[in-house]
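J.: Read off the chains here:
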Amino acid sequence: GEDVEQSLFLSVREGDSSVINCTYTDSSSTYLYWYKQEPGAGLQLLTYIFSNMDMKQDQRLTVLLNKKDKHLSLRIADTQTGDSAIYFCAERPAYSGAGSYQLTFGKGTKLSVIP
Amino acid sequence: IAGITQAPTSQILAAGRRMTLRCTQDMRHNAMYWYRQDLGLGLRLIHYSNTAGTTGKGEVPDGYSVSRANTDDFPLTLASAVPSQTSVYFCASSDAYTGELFFGEGSRLTVL
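In order, the protein sequences belong to chains A and B. The opening residue of the first sequence carries number 8 in the working numbering; numbering runs sequentially from there. The opening residue of the second sequence carries number 233 in the working numbering; numbering runs sequentially from there.
These aren't lab readings, by the way, just hints derived from the structure by calculation. There could be a bad hint or two in this list.
Below, computed lysine to aspartate or glutamate pairings styled on EDC-like, alpha-carbon distance capped at 16 Å [said to hold, decoys possible]:
| no. | chain 1 | residue 1 | chain 2 | residue 2 |
| --- | --- | --- | --- | --- |
| 1 | A | 117 | B | 270 |
| 2 | A | 77 | A | 61 |
| 3 | A | 43 | B | 337 |
| 4 | A | 43 | B | 305 |
| 5 | A | 114 | B | 270 |
To give a feel for the contact side, a few chain B residues facing chain A, derived at Cβ under 10 Å [as the list claims (entries may be wrong)]:
| no. | residue |
| --- | --- |
| 6 | 240 |
| 7 | 296 |
| 8 | 340 |
| 9 | 342 |
All figures in this text were calculated on a predicted structure; none of them were measured in a lab. We treat Cβ as the ideally placed atom computed from N, Cα and C, and that holds for glycine.
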């Protein structure tokens, strides 16, 4: 089956930039997502990028997509302690027409921000 | 705005007991999903439903069943719980146009 890989841990100092990387295997991926999970909570969509885009910027967040290498990254500028969470990369294959979207998730990267 | 509501939030259960995790959405999404989250394994899809009246198996369906009698409700049943089903369970629904998944807050289940 399809696979999404990401490193499990990242530690940065407050005010620095964080870069979380992800690789995926499905060449038919149409959307790629970043979800954030805070302790004891469900996942919330942080941002997403269409597969025909190279970059998307949203305030402190920058998503870079290298479709050739199947590599996705999330950069968080000026990282704050409130950014401490688990970040999941997910890919969505081409729509099957059945009505559901069976995303494949990575195992999540736990970001720890040191004050 | 409620979104996805799951119940119970947390439950300790004896092995062999039957348990139903409830999930209700108020967004009128057609598609709904159940995931389990385990340390080191990430999120794995258990069952999904494309629309009311239909269900399908995900990556790890064994030991679980679901039903979708209407658009809003998607309960997950463990017929005879085993310790390996100790996990955090998340219900989700998806927007028909963007595919964005909306998650509930999770149900933490411990099977002893």
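J.: Confirm or reject each hint.
T.: Results for each hint:
1. A distance of roughly 14 Å separates the Cα atoms of residue 117(A) and residue 270(B); the hinted pair therefore holds under the 16 Å criterion.
2. Proposed proximity of residue 77(A) and residue 61(A) is supported: the alpha carbons are some 11 Å apart, at most 16 Å.
3. A threshold of 16 Å between alpha carbons decides the hint, and for residue 43(A) with residue 337(B) the separation of about 13 Å falls inside it, so the pair holds.
4. Distance check on the hinted pair: residue 43(A) and residue 305(B) sit about 25 Å apart at the alpha-carbon level, beyond 16 Å; violated.
5. Our distance criterion of 16 Å between C-alpha atoms is met by residue 114(A) and residue 270(B), whose separation comes to about 9 Å.
6. Interface hint at residue 240(B): violated, since its Cβ lies 14 Å from the closest Cβ of chain A, which is beyond the 10 Å cut-off.
7. This hint is violated: residue 296(B) has a C-beta 16 Å from the nearest C-beta of chain A, more than the 10 Å allowed.
8. At about 9 Å, the closest approach between the beta carbon of residue 340(B) and any beta carbon in chain A falls short of 10 Å, and the interface hint on this residue holds.
9. Interface restraint check: residue 342(B) against chain A, minimum CB-CB distance 15 Å, threshold 10 Å, status violated.
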